[in-house]
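**Q** Below, each chain spelled out in residue letters.
Protein chains: 2
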Amino acid sequence: PSQTRRTKRARRAKPCSVRELELTVSELGLGYDSDETVMLRYCSGKCAAQRRNYDVTMEHMMRTGFRKKDRKDKVSVGPCCRPTAFEKDFSFLDNRSRYHTIQNISAKNCGCV
Amino acid sequence: PSQTRRTKRARRAKPCSVRELELTVSELGLGYDSDETVMLRYCSGKCAAQRRNYDVTMEHMMRTGFRKKDRKDKVSVGPCCRPTAFEKDFSFLDNRSRYHTIQNISAKNCGCV
Chain A
525 PSQTRRTKRA RRAKPCSVRE LELTVSELGL GYDSDETVML RYCSGKCAAQ
575 RRNYDVTMEH MMRTGFRKKD RKDKVSVGPC CRPTAFEKDF SFLDNRSRYH
625 TIQNISAKNC GCV
Chain B
525 PSQTRRTKRA RRAKPCSVRE LELTVSELGL GYDSDETVML RYCSGKCAAQ
575 RRNYDVTMEH MMRTGFRKKD RKDKVSVGPC CRPTAFEKDF SFLDNRSRYH
625 TIQNISAKNC GCV
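Sequences listed follow chains A and B, in order. Those letters in the first sequence? Residues 525 to 637, per the numbering used here, in order. Those letters in the second sequence? Residues 525 to 637, per the numbering used here, in order.
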């Protein structure tokens, strides 16, 4: 009973980092038809620890400040978890044996930018 | 009459750039009470021209791909218009004549990152 009364702890948000997922080239959504597999690395997670005064002010401006000043700007109110470098070009054969090369598809590093 | 029949052209989205706005320090939303004014520079605008294969794939993954793979990741599906450098520290007196310094509040440069 004492256990059931315990409040649930909020799930800790994972920080921005590289994640990976094995996909076929077809599943990348770029319009290629190929059953070759590729390890797709991408960036996901929180950047809360990297917030600065700029972000606090932008959040405030988006809530009330821009309207008061008659501005319609949309601004990001926190750092974005984005690739800071991409892996080298990736080549594959499609299902009709044509050779293709894709650039800038898989993240090498991620950062809060 | 021929003019009224013309279809409206979509408003061209402005690219990511530095915008500026004169504010009092109080209006920054950081909790300071000061009527001193500051030129706040911030980043706003579109980064559509900087989209890469990564972003096309991430948009696809957010629509359908992650669900199929039983992932719940949230990812950014395009570059963010963010400060790439901040102006130097800004100092001011609050309304009780106390001296304060704020760092990382005003964008020096913006970029699609």
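Worth double-checking, as some hints may not be accurate.
Just so you know, same-sequence chains aren't split out, so a pair can sit in one copy or run between any two.
[Claimed, not checked] For lysine to aspartate or glutamate, the following EDC-like pairs were computed, each having C-alpha atoms within a straight-line distance of at most 16 Å:
(1) 592 x 546
(2) 596 x 583
(3) 592 x 544
(4) 570 x 559
(5) 593 x 546
(6) 632 x 544
(7) 596 x 544
(8) 538 x 597
(9) 538 x 559
(10) 570 x 560
None of these hints come from the bench; they were simulated from the model.
**Q** Run every hint past the structure and note whether it holds.
**A** Hint check:
{"no.": "1", "hint": "592 x 546", "result": "between (48 Å within a copy, 12 Å between copies)"}
{"no.": "2", "hint": "596 x 583", "result": "within (14 Å within a copy, 25 Å between copies)"}
{"no.": "3", "hint": "592 x 544", "result": "between (44 Å within a copy, 15 Å between copies)"}
{"no.": "4", "hint": "570 x 559", "result": "neither (33 Å within a copy, 35 Å between copies)"}
{"no.": "5", "hint": "593 x 546", "result": "between (48 Å within a copy, 10 Å between copies)"}
{"no.": "6", "hint": "632 x 544", "result": "within (11 Å within a copy, 34 Å between copies)"}
{"no.": "7", "hint": "596 x 544", "result": "between (37 Å within a copy, 13 Å between copies)"}
{"no.": "8", "hint": "538 x 597", "result": "between (30 Å within a copy, 10 Å between copies)"}
{"no.": "9", "hint": "538 x 559", "result": "neither (32 Å within a copy, 40 Å between copies)"}
{"no.": "10", "hint": "570 x 560", "result": "neither (32 Å within a copy, 34 Å between copies)"}
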